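Enquirer: Sequence:
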Amino acid sequence: MIGISLETLSRILLRTSRQLDLKLSPAVLFAAERLWRLSRLLKSGDKRKFRYKVLRRPPTQNIGIIGAPLVHGQPHQGPGAAPDLLRGLRLADVLRSKGANVKDYGNLEFKVVPNDFAVVLGCYNARTVGNANKQISQKVAHILKNGESVLVLGGDHSVGLGSVSGHASIRENLALLWVDAHADINTPLTSTSGNLHGMPLSFLVKEFPHLSPPVPGLEWCKPCVSSRNIAYIGLRSIDFREKSFLRTLGICNFTMEDIRELGIDTAVTNALDRIDPEGNRSIHLSFDVDALDPQIIPSTGTPVPNGLDFREALRIARIVHNTRRMSVMDVVELNPLLSTPSRAIKSAQVMVEIISRTFTGKRMRYPSVQDFEV
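All residue numbers in the sequence shown are consecutive under our numbering, ending with 380.
Just so you know, these hints were derived from the structure itself, not from any lab. Among the clues, some could well be false.
Unchecked claim - With a straight-line Cα cutoff of 30 angstroms, these simulated BS3-like cross-link-like pairs (lysine-lysine) come out:
id	residue 1	residue 2
1	109	151
2	228	109
3	352	109
4	104	145
5	151	368
6	151	140
As the list claims (entries may be wrong) - If you anchor each label on the Cβ, the simulated ranges turn out as follows:
id	residue 1	residue 2	range
7	144	279	38 to 46 angstroms
8	349	286	36 to 44 angstroms
9	123	213	29 to 37 angstroms
10	151	269	34 to 42 angstroms
11	219	250	40 to 48 angstroms
12	249	329	22 to 30 angstroms
13	253	226	45 to 53 angstroms
Here the structure is a predicted model, which is why all the values come from computation and not from measurement. Just so it is clear, CB atoms sit at the ideal spot from N, CA and C, and this is done for glycine as well.
Construct the entire structure; sequences and hints are all you get.
Expert: So this is what it looks like as structure tokens:
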């Protein structure tokens, strides 16, 4: 009876939260989710697991910020300006004001390899991108060893090569949640653009059929994530070969069509249940800003219509935060140079809101982004 009544109550609260959006307090939303977990655990009879996962107090977040202004995985210069734009909005102070301990490690400096502009095995700037990601990998691993969570500010999405590799070197069997309009799993042989920001997962997935020769500059990067531990949220622009890879590898993915049908809460919860069924894996959230609709974030190089709305992005952040297991978050593909200054700032403010919600469970609530919540 207790389990049934708790489950009923939690469903009512969660349904109400969806109807009223953010008008319910975070405390109520947190309680609803915990009641739902409690009902499931009581039914299973696992009281010890309940005490550990539900009753423990949220720990103080220790966050290490890395700027990774890498632009050579795609053709635009603007992503390199994103880390400092986010810092200019007092990102670290926002996180501190919400109770986190923050250390900013500054921007990594990447050397451009001479004569690296030509296509090498289907990849532009392979040595530059590879060497830069080796630095990112080492820095992420160093910060994790210090007991801090990591926020990687890109940069284009090729930085995922380094951030995921560094994470996996410290915490094996991680769960990877890839929030993106694109699948980013092309290979040097299947990519039509030659841009490495569309290929990182093909280098990272263990079960991937690695048919292409080693790419110069990326010899150090070894497959480190099982396809069973990867889930996509927000897909809506997938190349033909990528669809084949996702189907063959059985990678969990929720397209925007799925999200509109199921709801964002169900999609994200099911994704996490799939890639972290025991609830004990270190979570890596790789967040490409083009997952959001271009009406919300126009400042990106590969916008795709009909993306996530602001409320849905905040729900992803809230659900991931509530796991208490996220160790690394990437924020990538924000390009301030591809829109007006005011729209670039507004795009960055949206991401500060999402970052704050992901790490602390709380928001900054910039007045300029309130209209996105309607």
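Enquirer: All hints are to be evaluated individually against the structure, with a verdict given for each.
Expert: These are the hints, each one checked on the structure:
Distance restraint check for residue 109 and residue 151: the Cα-Cα separation of roughly 14 angstroms lies within the 30 angstroms cut-off, and the hinted pair is therefore satisfied. Note on residue 228 and residue 109: the hinted pairing holds, with a Cα-Cα distance of about 29 angstroms set against a maximum of 30 angstroms. Between the alpha carbons of residue 352 and residue 109 the distance comes to roughly 25 angstroms, so the proposed pair stays at or under 30 angstroms and holds. Between residue 104 and residue 145 the alpha-carbon distance is near 25 angstroms, which keeps this suggested pair within the 30 angstroms criterion.
Between residue 151 and residue 368 the CA atoms are separated by roughly 26 angstroms; this keeps the pair inside 30 angstroms, and the hint holds. For the suggested pair residue 151 and residue 140, the alpha carbons sit about 17 angstroms apart, so the restraint of at most 30 angstroms is met. The hinted range of 38 to 46 angstroms is not satisfied by residue 144 and residue 279, whose Cβ atoms lie roughly 32 angstroms apart. The given range of 36 to 44 angstroms is respected by residue 349 and residue 286, whose C-beta atoms sit roughly 41 angstroms from each other.
For the pair residue 123 and residue 213, the beta carbons lie near 33 angstroms from each other, so the given range of 29 to 37 angstroms is met. Taking the beta carbon of each, residue 151 and residue 269 are about 38 angstroms apart, inside 34 to 42 angstroms as hinted. A hinted range of 40 to 48 angstroms for the beta carbons of residue 219 and residue 250 is inconsistent with their spacing of about 21 angstroms. Taking the beta carbon of each, residue 249 and residue 329 are about 29 angstroms apart, inside 22 to 30 angstroms as hinted.
Remark: the range hint 45 to 53 angstroms for residue 253 to residue 226 is contradicted by a beta-carbon distance near 30 angstroms.
In this structure, the earlier hints numbered 7, 11 and 13 are contradicted, and the remaining ones agree with it.
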